[in-house]
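Visitor: Please take these sequences and the hints and turn them into a complete structure.
Residue numbers (this note's numbering): 1 to 536.
No wet-lab data here; the hints were simulated from the structure. Do not rely on the hints blindly, as some may be mistaken.
Pair ranges (Cβ atoms, derived) [what the hints assert, rightly or not]:
1. G396 <-> K273: 42 to 50 Å
2. A175 <-> G299: 43 to 51 Å
3. A340 <-> P237: 26 to 34 Å
DSSO-like cross-link-like pairs, simulated, lysine-lysine; straight-line CA separation at most 30 Å [as the list claims (entries may be wrong)]:
4. K292 <-> K273
5. K292 <-> K280
6. K280 <-> K296
Just so it is clear, CB atoms sit at the ideal spot from N, CA and C, and this is done for glycine as well.
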Amino acid sequence: MNPHSDPRKHGTDSNSTENAPPVSPTDPVSDSVNSPHSHSHSDSDSANNDASANNAERKDPANLTEKIAHSTPAGQSDSAQNSAPASQSFTAAHTEAAPPAETQVTLRGPAELADALPYLMGFYPDDSIVMVALHGERGRFGGRVRLGIPADTAQWPDVADQLADCLISAGPDDAAPPAAIIVYLCQEPAPGETGRDVKDRLRPLAQRLRTACGALDVPVLEALCLSNGRFWSYCCPDFRCCPAEGTPMVMPGTSVMAAAAAYAGMQVRGSLKEMEARLKPRTGRRGAEQEKALDKAAGALVPRMLGNEGALAVRRATLDLAEAMIHRFRQDTPSGSNRARDACDDALITDVEAADLILGLQDRCTRDRAAEWMDGSAAAPALRLWRALARRCAGGYAEHAVAPVTLAAWVCWSTEDGPSARIALSHALSLDPEYTFAQLLHRAINEGLDPEPLRRCLREQRREAMSEENAPAPAAGTQSALAGKETPRSPKRPDPARPEAATRPRGPRGATGPGGRTTDRRTRRRAGRDDDRSRR
1 MNPHSDPRKH GTDSNSTENA PPVSPTDPVS DSVNSPHSHS HSDSDSANND ASANNAERKD
61 PANLTEKIAH STPAGQSDSA QNSAPASQSF TAAHTEAAPP AETQVTLRGP AELADALPYL
121 MGFYPDDSIV MVALHGERGR FGGRVRLGIP ADTAQWPDVA DQLADCLISA GPDDAAPPAA
181 IIVYLCQEPA PGETGRDVKD RLRPLAQRLR TACGALDVPV LEALCLSNGR FWSYCCPDFR
241 CCPAEGTPMV MPGTSVMAAA AAYAGMQVRG SLKEMEARLK PRTGRRGAEQ EKALDKAAGA
301 LVPRMLGNEG ALAVRRATLD LAEAMIHRFR QDTPSGSNRA RDACDDALIT DVEAADLILG
361 LQDRCTRDRA AEWMDGSAAA PALRLWRALA RRCAGGYAEH AVAPVTLAAW VCWSTEDGPS
421 ARIALSHALS LDPEYTFAQL LHRAINEGLD PEPLRRCLRE QRREAMSEEN APAPAAGTQS
481 ALAGKETPRS PKRPDPARPE AATRPRGPRG ATGPGGRTTD RRTRRRAGRD DDRSRR
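Guide: What follows is the structure, given as structure tokens:
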């Protein structure tokens, strides 16, 4: 089973202010691994490889791969080589401005490489292919790509080629490719399977990944299969260090990587499936009841839209309700596991309230105003609310979840929780690949942009909206008095003197030619001619 499925939580609410993944360039940790066993590579170009640690995950146009393309490494690629020389050193450097010197962590061998994976990703990537680039003589971790393992084995060759090319092309054009690649295949056994069965079943995929990387002249120094709490090496032929029954994973929290992550204030957020489950719609009886509430709210929405104030009234009512819900969530902060917290949050909002909010957030302007709750004391309850609404998009309303899921991703990114933001965006784009807000956020995270400029714009927008709402309305008597009077015009500055102005013919009221051609004057002049004709 996944040893990281129930990690310890920090702070008051892990939904909003969790730390960035350990590969963040602001983290004061550096990982290095020495491989104790010798591998026979068909094309091993270098013994020591280097990769820097920045993280910006992104997807290919088909939304197949999740890439973490770092700004520090020059380029990322994979290679299909079989083995790593003895005493390999793989390092991932994380630097922080405050500490005077960078902390170095050495990862010794495949066991610690396997244990480091959840810290590199920020979560345990179950049912996934993960490829990590290495750069330099010390093997510094660099870019990473993640993709769910395709169930159709016929797709494996194309997927392997795509992942290898995706990783190698992540860096700038003038950057050097990575020196080597580490491959992880993570999948739990199916009913009736063992971890060893999973390893044997995925061996062709591992070999195809190594071949695809080798075609790009970058060796795969290590390829590991993680399943059922054990790991296997596809590169090591020595059964003395890599037995056929696999090697047990180290106990969570006891490795050097775990100690370094704890020192840096990082945490593993659980498994990928657990994080995705927090955004999945409810099913069964409760899902059916929520779908009925959505049907009823949708039927009442059209008359509301056709009312006197129309969409403006619906927008105002949705935002008022969302603000009330955020206040309610702030007053009741649950504790315990993620599942227990989500259950408490679900109990704080009724089916009718959830239906009104879900339908109201389909309006782009309403959604943009709701995005203003992204930092400070509103961030944590807002994130809990958006996740709760995503779980309420039951039955035929599954695609309506793209708005609250994208809002949840925005709050996660704004509060420096990159892994959660990427998983939420991946889910949103799977619901609607053309959803512009999710596309823009996904690109921003991929390019390593700072969310602060967008936060400033939203804060300014909220200040302007609040100032307009709080502006004192004029008294009734004043309004009636103003209604009977024309608004005084500001005095005009005299036009500059023009040459030959004295010789130009002047129109009515002393204006020059063009001035006499206004609509009112033309009307009056035509009326005068008609009167003359009638007199005649």
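Visitor: Against each hint, give a clear statement of whether it holds in the structure.
Guide: To see whether the hints hold, each was checked on the structure:
no., hint, in the structure
1, G396 <-> K273: 42 to 50 Å, "24 Å, violated"
2, A175 <-> G299: 43 to 51 Å, "56 Å, violated"
3, A340 <-> P237: 26 to 34 Å, "46 Å, violated"
4, K292 <-> K273, "28 Å, holds"
5, K292 <-> K280, "18 Å, holds"
6, K280 <-> K296, "22 Å, holds"
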